[in-house]
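As given, the protein sequences belong to chains A and B, one line each in that order.
My numbering numbers the first residue of the first sequence as 88 and each following residue consecutively.
My numbering numbers the first residue of the second sequence as 2 and each following residue consecutively.
Because the hints were derived from the structure by calculation, they are not lab data.
Hints are supplied without guarantee of correctness; some may be wrong.
[As the list claims (entries may be wrong)] Derived contacts from chain B toward chain A, CB cut-off under 7 Å, selection only:
#	residue
1	His-53
2	Phe-54
3	Glu-70
4	Pro-73
5	Glu-77
6	Leu-86
7	Glu-113
8	Leu-118
9	Thr-125
10	Arg-126
11	Val-161
The beta-carbon is built from N, C-alpha and C at its ideal position, and this holds for glycine as well.
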Amino acid sequence: MTPAATPLTGDARILLPPAIQKDAVIYVRALVAHPMYTGMSRDEQGALIPEYYIKTVDVTYGGHRVARFQWTSGISRDPYVAFPLRATHEGPLHIAWTDIKGRVYTQTAAIAFGG
Amino acid sequence: MDDRESTGRRSFLRAAVLGVAALSLSGRELLGAARGPGDDMPDAAKKVLREHFGTRTIKDGHVSLDLPEVAPDSREVPIFIETDLPMDAGHYVKAIHLIVDHNPDIYVAGFELTPALGKASIDTRIKMRRSSQVRAIVETNTGELWWAHKLVYTTLNGCV
Numbered sequence: 088m089t090p091a092a093t094p095l096t097g098d099a100r101i102l103l104p105p106a107i108q109k110d111a112v113i114y115v116r117a118l119v120a121h122p123m124y125t126g127m128s129r130d131e132q133g134a135l136i137p138e139y140y141i142k143t144v145d146v147t148y149g150g151h152r153v154a155r156f157q158w159t160s161g162i163s164r165d166p167y168v169a170f171p172l173r174a175t176h177e178g179p180l181h182i183a184w185t186d187i188k189g190r191v192y193t194q195t196a197a198i199a200f201g202g
Numbered sequence: 002m003d004d005r006e007s008t009g010r011r012s013f014l015r016a017a018v019l020g021v022a023a024l025s026l027s028g029r030e031l032l033g034a035a036r037g038p039g040d041d042m043p044d045a046a047k048k049v050l051r052e053h054f055g056t057r058t059i060k061d062g063h064v065s066l067d068l069p070e071v072a073p074d075s076r077e078v079p080i081f082i083e084t085d086l087p088m089d090a091g092h093y094v095k096a097i098h099l100i101v102d103h104n105p106d107i108y109v110a111g112f113e114l115t116p117a118l119g120k121a122s123i124d125t126r127i128k129m130r131r132s133s134q135v136r137a138i139v140e141t142n143t144g145e146l147w148w149a150h151k152l153v154y155t156t157l158n159g160c161v
């Protein structure tokens, strides 16, 4: 992967199915660009790259927390996660990724019926 | 690293992976990989289990774990964890824990869930340092623990 092709750290996407029926269980796919350094890799000069990874992921739906993930640097670079969600009501699905430097990356997608 | 997409290296890797897999049939202990369910679980991994679950019993069942037998890229090993346990207000899966026996960070991730999800499953990608048992432990709100595990062969250290 060339540096030019690498998206900016923190670029985040939420992918929802094209049509959502009320009360159906849908699968939410979420991606965020992040290096997820373990602290064990080296740069081109041979110096250790300090560990730097996303530690927590908070998922809220209509303002209520529905899931929370605790990660380590054992999750791959540019973390991908997919999880189910029962679409009981229309409202925002919000995901916040927080890394160990305290930087928070967020993304919101609208759960809407029909489509 | 830059030429990792080239077919030459790809096919070399594939041959190496097959070689390692074949070798392992005769001498698994050479690879230091665990053979069965809980048996050769390394002490460090047992310690992680104790820290998270104390002396609680973890039972086989209710968890399905989808992972490749041989990981072509140990920096990105796809993993899908699913359970048939209920996801109702009264009985639900509170968390899915992911453990890789031979990783530097043995406890790779914990996924806290709620009944609002309607089902309990997680699909993600993990790094693996070397061939290892990968374990998914499902914890219910009533305190039950269920698990599944699978041995995954890798070639290169993916913990970068």
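### Query
Does Phe-54/B pass the interface check with chain A, least Cβ-Cβ distance below 7 Å?
Violated. Min distance 15 Å.
### Query
Once the shortest beta carbon distance from Glu-113/B to chain A is found, is it less than 7 Å?
holds, 4 Å
### Message
Quick check on Pro-73/B please, does its C-beta sit within 7 Å of some C-beta on chain A?
### Response
Not OK, violated: Pro-73/B not within 7 Å of chain A, min 13 Å.
### Query
Was the hint right that Arg-126/B lines chain A, CB cutoff 7 Å?
Cβ of Arg-126/B sits 4 Å from chain A, so the hint holds.
### Status of the Leu-118/B interface restraint (C-beta, 7 Å, chain A)
OK, holds: Leu-118/B within 7 Å of chain A, min 5 Å.
### Task
Identify whether the interface hint at Glu-77/B stands, where standing means a beta carbon of chain A within less than 7 Å of its own.
The hint holds - Glu-77/B has a Cβ within 7 Å of chain A, the shortest such distance being about 5 Å.
### Message
Please check whether Glu-70/B passes as an interface residue: C-beta within 7 Å of a C-beta belonging to chain A.
### Response
Because about 19 Å separates Glu-70/B from the closest Cβ in chain A, which is outside the 7 Å limit, the hint is violated.
### Task
Have a go at the Thr-125/B hint: is there a Cβ in chain A nearer than 7 Å to its own Cβ?
holds, 5 Å
#### Entry: Satisfaction of the Val-161/B interface hint, Cβ to chain A closer than 7 Å
holds, 4 Å
### Query
Any CB of chain A closer than 7 Å to the CB of His-53/B?
With a closest approach of 11 Å, the His-53/B hint is violated.
### Message
So, as I understand it, the hint says Leu-86/B touches chain A; can you test that by seeing if any CB pair is closer than 7 Å?
### Response
violated, 13 Å
Against the hints set out earlier in the document, violations occur for numbers 1, 2, 3, 4, 6.
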